[in-house]
Amino acid sequence: MSNELSALGIIFTEFYYWVTVVFMFLIHAGFCIYEVAASRRKNHVHTLMKNTMLIPLVTITFFFFGWWIYFAFSNGPGITGGLNSAPWAEPWSELMGAHMGKGADGWERINGVFWAAFLLFSWTAASIVSGSVIERIKSSAFWILAVLIGSVFWVIDAAWGWSADGWMVQLLGYHDAYASGVIHAIAGGFALGVLIPLGARIGKFAPDGTPRNINPHNPWLVTVGLFMIFTGFWGFYVACNIPMWDIQAGDETFFSATNIYLGPTTLSAITFNFLMSFSGGLLSAYVVSKGDAFWTYSGGLAGIIAASAGNDLYHPIQAMLIAAAVVPIIYKMHFWVERRFKIDDAVGAVAVHGYAGFFGVVIAGFMLWGYPSSPNPDYATINPLGQFIGAIIMFGVLGFLPGYVSAKILKSFDMLRIPEHVEIAGLDIVHEESVKNDTDALRAAELEAAKNI
Amino acid sequence: MTGDFTNWAGKIADIGPIYPFVGSEGLLVIVGVALWLGWHIMQTKQENQEHRESVKHSKEELDEIINRN
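Sequence order for the protein chains is C and D. Per the working numbering, the first sequence runs over residues 1 to 453. Per the working numbering, the second sequence runs over residues 1 to 69.
Hints are not guaranteed to be accurate.
Claimed, not checked - Output of the computed footprint for chain C on chain D, the stretches with three or more beta carbons under 8 Å from beta carbons of chain C:
id	segment
1	13-26
2	36-44
3	49-63
Claimed, not checked - The following residues of chain D were derived to be distant from chain C, with all beta-carbon distances above 10 Å:
id	residue
4	6
5	7
6	67
Claimed, not checked - Dumping the calculated SDA-like pairs for lysine to any residue here, alpha-carbon to alpha-carbon at most 20 Å:
id	chain 1	residue 1	chain 2	residue 2
7	C	42	C	202
8	C	411	D	45
9	C	102	D	5
10	C	411	D	20
11	D	59	C	432
12	D	45	C	409
13	D	11	C	104
14	D	56	C	423
15	C	436	D	53
16	C	42	C	417
17	C	102	C	11
18	C	102	C	13
19	C	436	D	51
20	C	342	C	199
21	C	436	D	55
22	C	290	C	332
23	C	42	D	50
24	D	45	D	34
25	C	102	D	51
26	C	411	D	43
27	C	411	D	49
28	D	56	C	102
29	C	204	C	332
30	C	342	C	210
31	C	42	D	13
32	D	59	C	202
33	C	204	C	338
34	D	11	C	332
35	C	42	C	409
36	C	102	D	13
No lab work stands behind these hints, which were simulated from the structure alone. By construction, the Cβ of each residue, glycine as well, lies at the ideal position given by its N, Cα and C atoms.
Generate the whole structure from the sequences, applying the supplied hints.
The structure is reproduced here in structure tokens:
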């Protein structure tokens, strides 16, 4: 940083990503509140800790290997080339710590904040799965699964389809600016893969197979949690952009914000589209769910997710219409899959994230048909087939399959599901008994003290 | 110029890492990974133990509820 202008650019970018990380933290505060609210009283403490402890586990594993995977795997490897060298992302690199920049090409300023922005996406991927499996999964099993989705599989999909030179961008023309597929479809698919071997909560289905509602114990807290997730989602959108980049081909210069593929967009454009798709989702969900608060809020989220793949380029009314059209479909699919396959997705995450993300990727293929997927003119342009294949890779190949296989392995070692007695009595039975003993002891002490007054 | 600083008087542009014990990164990674894996093992044991206790408590509690009804 030898002159003021380059210093301004670098330090602005460093600060920009840092701000997005703080915003995105709200997603996880929201997820914790939301999950506890959706669970029954007998499971609160364990539900809270299950979601909370994915944060440190995914953080350290993303430091150890997740960050490196993102840069190393963009060719597959083996599809458009071999493993890439990414020395700045290796956990033993001097650039993975405080560094003043000798020979670092700006990575000394960007590495930590860029790492953290990606990391917060990793937490999100794991948190999406967390909600689906509440009240019957062993925490130890969930945390292994959280590391797999948060620090391995979503990172591979980002390397393939959410980087400027990923092989899916090069060969398929894959475009997914705000991660409809890259975060949401993969996490929804992974959740579905886990839910099958995990099974439904006891009592969820009547003997004739009819599903019973297990309502959130506190619907108001669910909405507070979802509002916090929406707030954090702003940070997520902004973190998906590169704030300042010369996008002009040739000798001239034109600075703009870009998407992750270095294609042009603006913060204004994504602000329009975020709010309009949110509104389209809410409006549609309110009607289709007949005013159910849980599904109206979830529909707002699903609406954004359905438009996210192309929200860098859509017109705001297009974003609204896409959201409004997708939400009734995913709502109906959730209940159809529940009835037909006896899948107990406690918070509807497979539908809200998985199906909405899948449709979002596919729709972008039609809406942006022929647009460049990258500034590189040799890469495939955006097209419906490429997006459809991309959606299958996200939901199925990198989401559902690893989730199913890893959950089956855990199940084969009896590591997946809590014992039936514990499920019926509640995960917090020991904790509650300990609280009761403390309360009784304190009461006894107070009564003893009262005798001496 | 790396690590082990007593002042910042040198040319800043020539400074690389500024954390202490530069050169120990490989060892730090090994310790960190061992801590991570060890945590999973300890936590799994704790959880299994907790569930054994919970099963005992919940059986007593369930028997009581069933007898009441």
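Hint check:
{"no.": "1", "hint": "13-26", "result": "holds (count 10)"}
{"no.": "2", "hint": "36-44", "result": "holds (count 5)"}
{"no.": "3", "hint": "49-63", "result": "holds (count 10)"}
{"no.": "4", "hint": "6", "result": "holds (16 Å)"}
{"no.": "5", "hint": "7", "result": "holds (14 Å)"}
{"no.": "6", "hint": "67", "result": "holds (15 Å)"}
{"no.": "7", "hint": "C:42 with C:202", "result": "holds (14 Å)"}
{"no.": "8", "hint": "C:411 with D:45", "result": "holds (16 Å)"}
{"no.": "9", "hint": "C:102 with D:5", "result": "holds (16 Å)"}
{"no.": "10", "hint": "C:411 with D:20", "result": "violated (44 Å)"}
{"no.": "11", "hint": "D:59 with C:432", "result": "holds (15 Å)"}
{"no.": "12", "hint": "D:45 with C:409", "result": "holds (18 Å)"}
{"no.": "13", "hint": "D:11 with C:104", "result": "holds (16 Å)"}
{"no.": "14", "hint": "D:56 with C:423", "result": "holds (13 Å)"}
{"no.": "15", "hint": "C:436 with D:53", "result": "holds (16 Å)"}
{"no.": "16", "hint": "C:42 with C:417", "result": "holds (17 Å)"}
{"no.": "17", "hint": "C:102 with C:11", "result": "holds (16 Å)"}
{"no.": "18", "hint": "C:102 with C:13", "result": "holds (19 Å)"}
{"no.": "19", "hint": "C:436 with D:51", "result": "holds (19 Å)"}
{"no.": "20", "hint": "C:342 with C:199", "result": "holds (8 Å)"}
{"no.": "21", "hint": "C:436 with D:55", "result": "holds (18 Å)"}
{"no.": "22", "hint": "C:290 with C:332", "result": "holds (13 Å)"}
{"no.": "23", "hint": "C:42 with D:50", "result": "holds (15 Å)"}
{"no.": "24", "hint": "D:45 with D:34", "result": "holds (17 Å)"}
{"no.": "25", "hint": "C:102 with D:51", "result": "violated (53 Å)"}
{"no.": "26", "hint": "C:411 with D:43", "result": "holds (18 Å)"}
{"no.": "27", "hint": "C:411 with D:49", "result": "holds (18 Å)"}
{"no.": "28", "hint": "D:56 with C:102", "result": "violated (61 Å)"}
{"no.": "29", "hint": "C:204 with C:332", "result": "holds (18 Å)"}
{"no.": "30", "hint": "C:342 with C:210", "result": "holds (9 Å)"}
{"no.": "31", "hint": "C:42 with D:13", "result": "violated (58 Å)"}
{"no.": "32", "hint": "D:59 with C:202", "result": "holds (16 Å)"}
{"no.": "33", "hint": "C:204 with C:338", "result": "holds (10 Å)"}
{"no.": "34", "hint": "D:11 with C:332", "result": "violated (65 Å)"}
{"no.": "35", "hint": "C:42 with C:409", "result": "violated (28 Å)"}
{"no.": "36", "hint": "C:102 with D:13", "result": "holds (6 Å)"}
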